[in-house]
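Chain A is fixed; fit chain B onto it per the hints.
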Amino acid sequence: MLEGIFVDGLIFSIMVIGILISFRILDIPDLTCDGSVATGAAVATMAIVSGLPIFVALLLAFLSGVIAGMVTAAIHNELKVPGLLAGILTMTMLYSINLRVLGNKANVPLLRVETLYSKLPETFKFLPAEWASLVGTLLVVLLVKELIDIFFRTDLGVSLGAMGGNEQMVISLGSNPKVLKLIGLGLSNGLIALSGGLLAQYQGFADANLGTGMVVQGLAAIMLGEFLFSTNRISLLTLRAIFGAIIYKGLMFFGRKYGYLIHITPNDFKLLTGILVIASLFIAQTRSAASSAGAKKKAIARSLEKHEGDKEAKGNA
Amino acid sequence: MLDLTNITKVFYPGTVNEKTALDNVNLHVNKGDIVCVIGSNGSGKSTLFNLISGTYPVTNGKIIFDQIDVTSTPEYRRAMSIGRIFQDPTKGTAANMSIEDNMNTAMTKGMKGLRISLNNERRALFKELLKPIGLENRLKDNVGLLSGGQRQALTLLMTVISKPKMLLLDEHTAALDPRNAQIVMNLTERFIKEYQLTALMVTHNMQFAIDFGNRLVMMDEGNIILDLEGEQKSKLTVDELVRRFKNLRKKTFDNDEGLLTRD
Chain A
1 MLEGIFVDGL
11 IFSIMVIGIL
21 ISFRILDIPD
31 LTCDGSVATG
41 AAVATMAIVS
51 GLPIFVALLL
61 AFLSGVIAGM
71 VTAAIHNELK
81 VPGLLAGILT
91 MTMLYSINLR
101 VLGNKANVPL
111 LRVETLYSKL
121 PETFKFLPAE
131 WASLVGTLLV
141 VLLVKELIDI
151 FFRTDLGVSL
161 GAMGGNEQMV
171 ISLGSNPKVL
181 KLIGLGLSNG
191 LIALSGGLLA
201 QYQGFADANL
211 GTGMVVQGLA
221 AIMLGEFLFS
231 TNRISLLTLR
241 AIFGAIIYKG
251 LMFFGRKYGY
261 LIHITPNDFK
271 LLTGILVIAS
281 LFIAQTRSAA
291 SSAGAKKKAI
301 ARSLEKHEGD
311 KEAKGNA
Chain B
1 MLDLTNITKV
11 FYPGTVNEKT
21 ALDNVNLHVN
31 KGDIVCVIGS
41 NGSGKSTLFN
51 LISGTYPVTN
61 GKIIFDQIDV
71 TSTPEYRRAM
81 SIGRIFQDPT
91 KGTAANMSIE
101 DNMNTAMTKG
111 MKGLRISLNN
121 ERRALFKELL
131 KPIGLENRLK
141 DNVGLLSGGQ
151 RQALTLLMTV
161 ISKPKMLLLD
171 EHTAALDPRN
181 AQIVMNLTER
191 FIKEYQLTAL
201 MVTHNMQFAI
211 DFGNRLVMMD
221 EGNIILDLEG
231 EQKSKLTVDE
241 LVRRFKNLRK
251 KTFDNDEGLL
261 TRD
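Protein sequence lines, in the order shown, are assigned to chains A and B.
Counting from 1, one number per residue, gives the positions in the first sequence under our numbering.
Counting from 1, one number per residue, gives the positions in the second sequence under our numbering.
Isolated chain A (complex conformation) (with noise of 0.2 Å):
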C-alpha cells in the first residue's frame, strides 16, 4: 500500500518538476499545465492502444507536451498577453483537442493491453510486484531529474534561469527572450505531459477531465518541499520537488484513508490543496518576516555594542 504512494507521488514529481520550470525558474505562471497534462494521459493511451512500444508512446507524450507549451509560449510572446492568460487559453483548447485525441470519448481505458506497469513486475520478477512498479518509477524520475539538472548547467539553462530572474538581462547579453520561453515552457509542459502518459498507464486509464487543478496540486507540491530546506542549487531543486511530490501524495493518501474520521471526503481535496497552498504562503511569509525581524534585531545590536566600544574607547584614552 505504502508502496503505491510513492509510485504515485514519483509520477507526479515529474510534472512539479515541469511546475517547478515554469512558476520557479522562468517566473511565468503557466497553467496550460491542467491541460497537457491530459495531452499526455491521451496521446500516450492511444498510441499504447493503437500497439505502438510503451517508449513510443511516453516519447509522443513528451513532444505532444512540447508543443502545447510552445504554444502557450507563442501566445504570450506574439501577442502580448500575459503568460497568465496564454496558458488558460491553451489550456482550454486542449480539452476539445484532449477528447478528440481520445476519440471523442471522455475516458479511455488501457485494458488488455501491455502498458509500463504490467512490464514491471516481468522485468523485476525477484521483486513483489508493487516493489517492482516503485523501482522502475524511480528509475525513469531520477533519469529524468539527472537530464534536467544537467541541462539547467549548461549555457542555455543558464540563461533560462536569468530569464526568470531579470529578463532585461537576458536581453542586455544578446538572447533573445522568445525563444528561451518557447524552449522553457516547451521543456515545462514536456514534463508534465510525460508524467500524464506516465499516470494514465498506473491508474489503467486516460481522462479527459485528468487535468483539473494540477498546477495547484503541483504548488503545493513545490511548497510542501520547500519547507524542507533552502538550496539555489538546481540539483537540489529537483530534489526537493521529488520530495514535496511525495509528501503532498502521502498527505493526500491519510487524507482518504483518515479523512472520514473527521468527516473529509475526496471531493474536499480540491478545497483542501488550495488551503494548503495559502497556508504554505502564510507560513513562507511569516518565516522571511521574523528571519529579517531577526536580522534588524541582529544590527542594531551589533551597533550598539559598537558604539559601546567606541566609548569604552575613548573614556580609556
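Incorrect hints may appear among the rest.
Stated by the list, open to error - A few chain A positions that, by computed beta-carbon distances, are all more than 10 Å from chain B:
#, residue
1, S50
2, V81
3, R153
4, L156
5, F253
6, H263
7, S280
8, L281
Unchecked claim - Capping the alpha-carbon separation at 30 Å, the derived lysine-lysine pairs in BS3-like fashion look like this:
#, chain 1, residue 1, chain 2, residue 2
9, A, K298, B, K140
10, B, K140, A, K297
11, B, K140, A, K178
12, B, K163, A, K178
If you're looking for bench data, these hints aren't it; they were derived computationally from the structure.
Ideal Cβ positions, reconstructed from N, Cα and C, are used throughout, including at glycine.
Only chain B this time, still in chain A's reference frame:
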C-alpha cells in the same frame, strides 16, 4: 561608429497624450569618443538611449551602427555590440543566480547552446577579473546578497567582459551612495581605457560632465542644443555652461538647477 540621422520619437501619436520626446536629432559618434550627455529631466536623454539600444522603435530617422543600418534590429541583437548599464543596479544582474553563473552568462554572449562552458579555467579567470571589485572569494554567492554598489560594479564588469563595441551608461552611479559611486566611476574609467571602448554617458552633474570624456552634449526639450569637443570642452566651466544654456534657450536654468548639480 554611431550615426543618428533625423531621429524623431513621438509617444502616443494621435492622442491627447502625444509627446515629442526627440525632435529631429542628429548625432555622430566617432570610434573612441567618450561623450557625456547632460540635460534636465524630460529633455530626451533616456529616450535617446532607449532608441540607440532598441528598446523602442524610432518614429522617424535612421540609426547606423558600425556601418550597418540597425534602425529596425531588435534590442537583443543590437545588444551584441552595444552594452547598456541602467541606473537601477538590479537591472543588469540576475539576483537568483550565483556570481559565477552571472559572469558566465555575460562571457558567452548571444544565444546559448547546450555546452557547459563553466569550468575551473573560467572560474580562475573570473576570480582574477573580480579582484578589482573585491568579490573574488564570493563566486558561489547569490547576486541578491550583494549591495547596490557591488551589484553595479559587477554589472559593469559583466558588460565589459561581454566585449561590446560601445557602452551606454544611463546615470549608472545615480542610485549609489557617494563612495560607491566613486568606486564604480573609477572602474568605468579604467575599463573604458583598458578595453578602448566608445561610450555615451548620461549624467546630471555638470562639473563631472566637463571633466570626464572628450565630448559634451547638452539636450533640452528633445533637441541637442550644445555639442562641444576637445579644447572647447576642456576650457569649459560650469558657469560658462549655464550662461550658454541661457543664451541658447532664452530661459533660465534656475528651475533646473536642482536637477543639474554643479559638483
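Going through the hints against the structure:
no. : hint            : in the structure
1   : S50             : holds (33 Å)
2   : V81             : holds (19 Å)
3   : R153            : violated (5 Å)
4   : L156            : violated (4 Å)
5   : F253            : holds (34 Å)
6   : H263            : holds (43 Å)
7   : S280            : holds (19 Å)
8   : L281            : holds (19 Å)
9   : A:K298 x B:K140 : holds (25 Å)
10  : B:K140 x A:K297 : holds (27 Å)
11  : B:K140 x A:K178 : holds (28 Å)
12  : B:K163 x A:K178 : holds (23 Å)
Hints 3, 4 from the list above are not met by this structure, while the remaining hints are.
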